[in-house]
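Undergrad: The primary structure of each chain is shown beneath.
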Amino acid sequence: MGEVFLGEYGAGKSEVSAGRAILLAGRGLPVTVADLDLTDPVFRISQAAEKLAAYGVKVIGWPERYPPGMGEAGNVLFPGLLGIGWLSGEIIIDVGYGTESHRLLNLIPGLAALNPLFYFVINCRQPLTATVPGIIEAARRVPGIHGFVNNTHLGKDTDLDLIKSGAEKIEEASAATGIPYIATASFKPLAAEMEQTDYKWHEIWPLYGLVHGSFPIK
Amino acid sequence: MARIVDDDQRMFMTGNEVLAWAALAAGAEIMYGYPITPQNEIMHYWTRLAPRFERGFLQTEDELSAGFTTLGGVMAGKRAFSATSGPGDILMQEPICMAEMMRIPAVWIIQQRGAPSTATVIYGQQETRLACFGGNGEGHRVVYSTSSHQELFDYLIKAFNTAWSYRFPTILLGDGYQGKMREAVTLYNPEDHGVKLVPTEPFVGRPGVPGVDRAPAHYRNTFNIEEEIYEIVHAREEEFEALTPQIVEFESGYLDEAEMILIGHGIVSRAIKEAVKLLQNKGVKVGYFRPVTLRPFPVEELRKAVEKVPAVMVFESALGQLLSMVKEAVGGLPVKIEAFLRPGVGICTDEAAEQVQEYLRKSSMVH
Amino acid sequence: MENKTSGSATSESKTGFTTRTVVTPNEAMPKVWRRETKPHRFCPGCGHPIILKALAQAVEELDIQGRTVFGCDIGCSLLAWDFFNLDSIQTHHGRTTPVIAGLKRARPDLIGVAYMGDGGGYAIGSQHLLNAAMRNDRVTVILCNNTVYAMTGGQMAPTTLPTQKTETTPYGRDPAMTGEPTLGPELMAAIGRKGAYAARGTVANYRQLVKFTKKALENQLADRGFSFLEVLSTCPTNWRTTPRQTWDFVEDDMTRVYKVGEFLKPEDEK
Ligand SMILES: Cc1ncc(C[n+]2csc(CCOP(=O)(O)OP(=O)(O)O)c2C)c(N)n1
Ligand code: SF4
Ligand SMILES: [Mg+2]
Numbered sequence: 001m002g003e004v005f006l007g008e009y010g011a012g013k014s015e016v017s018a019g020r021a022i023l024l025a026g027r028g029l030p031v032t033v034a035d036l037d038l039t040d041p042v043f044r045i046s047q048a049a050e051k052l053a054a055y056g057v058k059v060i061g062w063p064e065r066y067p068p069g070m071g072e073a074g075n076v077l078f079p080g081l082l083g084i085g086w087l088s089g090e091i092i093i094d095v096g097y098g099t100e101s102h103r104l105l106n107l108i109p110g111l112a113a114l115n116p117l118f119y120f121v122i123n124c125r126q127p128l129t130a131t132v133p134g135i136i137e138a139a140r141r142v143p144g145i146h147g148f149v150n151n152t153h154l155g156k157d158t159d160l161d162l163i164k165s166g167a168e169k170i171e172e173a174s175a176a177t178g179i180p181y182i183a184t185a186s187f188k189p190l191a192a193e194m195e196q197t198d199y200k201w202h203e204i205w206p207l208y209g210l211v212h213g214s215f216p217i218k
Numbered sequence: 001m002a003r004i005v006d007d008d009q010r011m012f013m014t015g016n017e018v019l020a021w022a023a024l025a026a027g028a029e030i031m032y033g034y035p036i037t038p039q040n041e042i043m044h045y046w047t048r049l050a051p052r053f054e055r056g057f058l059q060t061e062d063e064l065s066a067g068f069t070t071l072g073g074v075m076a077g078k079r080a081f082s083a084t085s086g087p088g089d090i091l092m093q094e095p096i097c098m099a100e101m102m103r104i105p106a107v108w109i110i111q112q113r114g115a116p117s118t119a120t121v122i123y124g125q126q127e128t129r130l131a132c133f134g135g136n137g138e139g140h141r142v143v144y145s146t147s148s149h150q151e152l153f154d155y156l157i158k159a160f161n162t163a164w165s166y167r168f169p170t171i172l173l174g175d176g177y178q179g180k181m182r183e184a185v186t187l188y189n190p191e192d193h194g195v196k197l198v199p200t201e202p203f204v205g206r207p208g209v210p211g212v213d214r215a216p217a218h219y220r221n222t223f224n225i226e227e228e229i230y231e232i233v234h235a236r237e238e239e240f241e242a243l244t245p246q247i248v249e250f251e252s253g254y255l256d257e258a259e260m261i262l263i264g265h266g267i268v269s270r271a272i273k274e275a276v277k278l279l280q281n282k283g284v285k286v287g288y289f290r291p292v293t294l295r296p297f298p299v300e301e302l303r304k305a306v307e308k309v310p311a312v313m314v315f316e317s318a319l320g321q322l323l324s325m326v327k328e329a330v331g332g333l334p335v336k337i338e339a340f341l342r343p344g345v346g347i348c349t350d351e352a353a354e355q356v357q358e359y360l361r362k363s364s365m366v367h
Numbered sequence: 001m002e003n004k005t006s007g008s009a010t011s012e013s014k015t016g017f018t019t020r021t022v023v024t025p026n027e028a029m030p031k032v033w034r035r036e037t038k039p040h041r042f043c044p045g046c047g048h049p050i051i052l053k054a055l056a057q058a059v060e061e062l063d064i065q066g067r068t069v070f071g072c073d074i075g076c077s078l079l080a081w082d083f084f085n086l087d088s089i090q091t092h093h094g095r096t097t098p099v100i101a102g103l104k105r106a107r108p109d110l111i112g113v114a115y116m117g118d119g120g121g122y123a124i125g126s127q128h129l130l131n132a133a134m135r136n137d138r139v140t141v142i143l144c145n146n147t148v149y150a151m152t153g154g155q156m157a158p159t160t161l162p163t164q165k166t167e168t169t170p171y172g173r174d175p176a177m178t179g180e181p182t183l184g185p186e187l188m189a190a191i192g193r194k195g196a197y198a199a200r201g202t203v204a205n206y207r208q209l210v211k212f213t214k215k216a217l218e219n220q221l222a223d224r225g226f227s228f229l230e231v232l233s234t235c236p237t238n239w240r241t242t243p244r245q246t247w248d249f250v251e252d253d254m255t256r257v258y259k260v261g262e263f264l265k266p267e268d269e270k
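Residue numbers (my numbering), protein chains in the order written: chain U, 1 to 218; chain Z, 1 to 367; chain W, 1 to 270.
There could be a bad hint or two in this list.
[Said to hold, decoys possible] Derived DSBU-like pairs: lysine-lysine, alpha-carbon spacing no greater than 30 Å straight-line:
no., chain 1, residue 1, chain 2, residue 2
1, U, K200, U, K188
2, Z, K327, U, K188
3, Z, K336, Z, K308
4, U, K156, Z, K336
5, U, K58, W, K38
6, U, K188, U, K51
7, W, K215, W, K270
8, W, K211, W, K270
9, W, K211, W, K194
10, Z, K282, U, K156
11, W, K214, W, K38
12, Z, K336, Z, K304
13, U, K164, U, K200
14, W, K270, Z, K78
15, Z, K327, Z, K308
[As the list claims (entries may be wrong)] Away from chain U, derived, C-beta distances all over 12 Å, residues of chain W:
no., residue
16, I50
17, E167
18, V210
19, R244
It is worth saying that the hints were derived from the structure and are not from the lab.
Bear in mind the structure is a predicted one, so any value in this text is a computation, not a measurement.
A virtual CB, placed ideally from N, CA and C, is assigned to each residue, including glycine.
The task is simple: from the sequences and hints, build the whole structure.
TA: Here is the structure:
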């Protein structure tokens, strides 16, 4: 099975991919994450490879201290990614941002064999997806989305009300587009709080803050 | 100008996106630019948003052209800007020089990367000197060094106002970390916060026939003899100095009774402020000083801050660029100047705190 | 499992496919390629290494490995900084032409190759290209046309096709706002002096590419004039294309705008 994570730049695709991978690994499944974020030498899921390994999750992508762009960029495709269509187990693909970014999946020849589900990650605290029409417009740019993932947050200023305000918009966008609202993702303590409520979060996916640790600032 | 948000909006985004929104909020009418990491997303977002807000964009053949087309845009009376980094920053210095000589209120965003030459695209503070003194002159320009996403937003709006109020080219100096990292920020319409946008006016192309209805506009940057340029540079310097108290900005804390003051600018100032809090909690008496404007430099304010302090420690992701400015500013005072210099590499809170403690431990052994 | 790596035997594999093992990858590599730095760092499906392979083959066939200096630009061409067993200089973005031109003035016995992208050559380095051509500098410029600024993540290049979407033309390139694609070899042919060479090859026709590359080097060897070769190349990563779409784009879409062939030959009257 494959799961593809798409969304606006900075929506939290890498973090959500990492959280999802840990969740599936926790169910005893063999999980591999593919780093198809070709934008930056930094802020990519490959940076969390070591931490993910501790959860039994494998990462395919350029090793952290080997950004291939030689000081200019990080956008050279890691050749190992071409083979992920033939891997067994759960394959999670973290796709980078940009014009037509979903078409990056064209670079993976055997993708169809994974029967992948396409998840669209939304943080309603980003200007372009802050409103229902904004979400619909953003989702319209990506054909074939199977589900929305609510990742509404404001960093350390996040609380349940804030996540709920995102959930309401995503419910509305879901009703308008017919794309199901699949899950709500949030950092572990908040995810635990969510479990205690009977609000309709759909699935709850805990996040671990694995991707942001690369910069030496808070 | 159209409002960019209905009312204040708390958002979570990357610094480069913040800058694109800030430029919209500041009423910027046109961006001229050339791709370079780590500022690309300013341009990517501007090109996505510009049609929606009826703003303009031109991708030029290089940064020299981006800089000079910006000057053209400003001289046409538009709020125009450009953004660049590293090797592109070097090329921008020629147009910035023309702006200094001719008092053209153009705005530049510079997201520093590793240096020299092409180096890395990730981060650095090695363009500090270039941003301040990159031209063949005395550095008559305003440079704001930001440290958070909120500042990116606030100070870009301010940069346009400073430029158009005082007619000095104005630079917002960030870095690759600030461009790429994500944090919360409040987007707002300047007028909702009592910030009025300083009106622009054209240098050329005003109504009327030149020489008939009005005097023609003649602008130049070239002069014949030594005395002429001597006069001009002096006049410029006097004006810059006279405006300094209005423009200069700094931030400081815990200065009283400090045994040492930590000095840093830009994103590094975040680490040192945190380090100071950490050390204060342990009972170590340290303070911090952060220049927000690097041009003009808060000379008087820094001298006052370090007057009674035995030592300062300068922190920067460069090999002594801020350090030399600090040395010049505090010249003649009996303060010892230490430094922790990390060209092209970030500085963490813990590291900074450790450096200070190590120094204090050693110096107390000497006593 | 037995791992057969050389020889030219035909063998029946267990899956029933007939495989013909010809040579080891090492043997297939031109000698001018530096084995220690292979596999190279370009993306799978990238056109750059095909252009560099043609260059290596031309250098080998002309037997000039001992006197060729390779200059590469900033752009994905920089990934070739240690690609060859050739003295190599990675310069600044757009500045490879003048570095190599300067080198050639100082050491006319060397063969100078300036390798760059379409952004490097036609945008930021365009003044150098024009002036080197006008001076008839005895250097060989090879320019990779992949219609985008690849290394910085796919912004518009001077060669981006009309309506093509890039990071700085998210709604498609509009020639009314940004001009028509730059036609380099045509331009070089128009301004080139007697003895100059200008051609456009494509990675989709390798043998022709080697031929053009050799001519561009021979012209310098014969001290006749400036040599310019543009090569239509692929960038699946920034085009976001499948292998088939990639080849369709380079063979069909690009050649509708960019004609492959020779535009100026040293023997032409000028
Ligand atoms: C003076 C300067 N401006 C901008 C850059 C950023 N930059 C690096 S590579 C590049 C574009 C490369 O495009 P191209 O020349 O077409 O080569 P490609 O990567 O497509 O092969 C740019 C703009 C730089 N390094 N130096
Ligand atoms: S980004 Fe494009 S040009 Fe650069 S190595 Fe990859 S395929 Fe080649
Ligand atoms: Mg290119």
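Undergrad: It remains to establish, for every hint, whether it holds in the given structure.
TA: Hints and how they fare:
1. U:K200 - U:K188: 18 Å, holds
2. Z:K327 - U:K188: 48 Å, violated
3. Z:K336 - Z:K308: 11 Å, holds
4. U:K156 - Z:K336: 39 Å, violated
5. U:K58 - W:K38: 25 Å, holds
6. U:K188 - U:K51: Roughly 16 Å separates the two Cα atoms, so the pair holds.
7. W:K215 - W:K270: Status holds; Cα separation ~19 Å.
8. W:K211 - W:K270: 23 Å, holds
9. W:K211 - W:K194: 21 Å, holds
10. Z:K282 - U:K156: 25 Å, holds
11. W:K214 - W:K38: 24 Å, holds
12. Z:K336 - Z:K304: Cα-Cα ~15 Å, so holds.
13. U:K164 - U:K200: Given pair K164 (chain U), K200 (chain U) holds - Cα atoms ~9 Å apart, limit 30 Å.
14. W:K270 - Z:K78: Violated, because 46 Å separates the two Cα atoms, which is more than 30 Å.
15. Z:K327 - Z:K308: Status holds; Cα separation ~16 Å.
16. I50: 16 Å, holds
17. E167: Given a closest Cβ separation of 6 Å, the condition is violated.
18. V210: Correct as stated: the minimum Cβ-Cβ distance to chain U is 25 Å, above 12 Å.
19. R244: For R244 (chain W), whose nearest Cβ neighbour in chain U is about 10 Å away, the distance does not exceed 12 Å, so it is violated.
In this structure, the earlier hints numbered 2, 4, 14, 17, 19 are contradicted, and the remaining ones agree with it.
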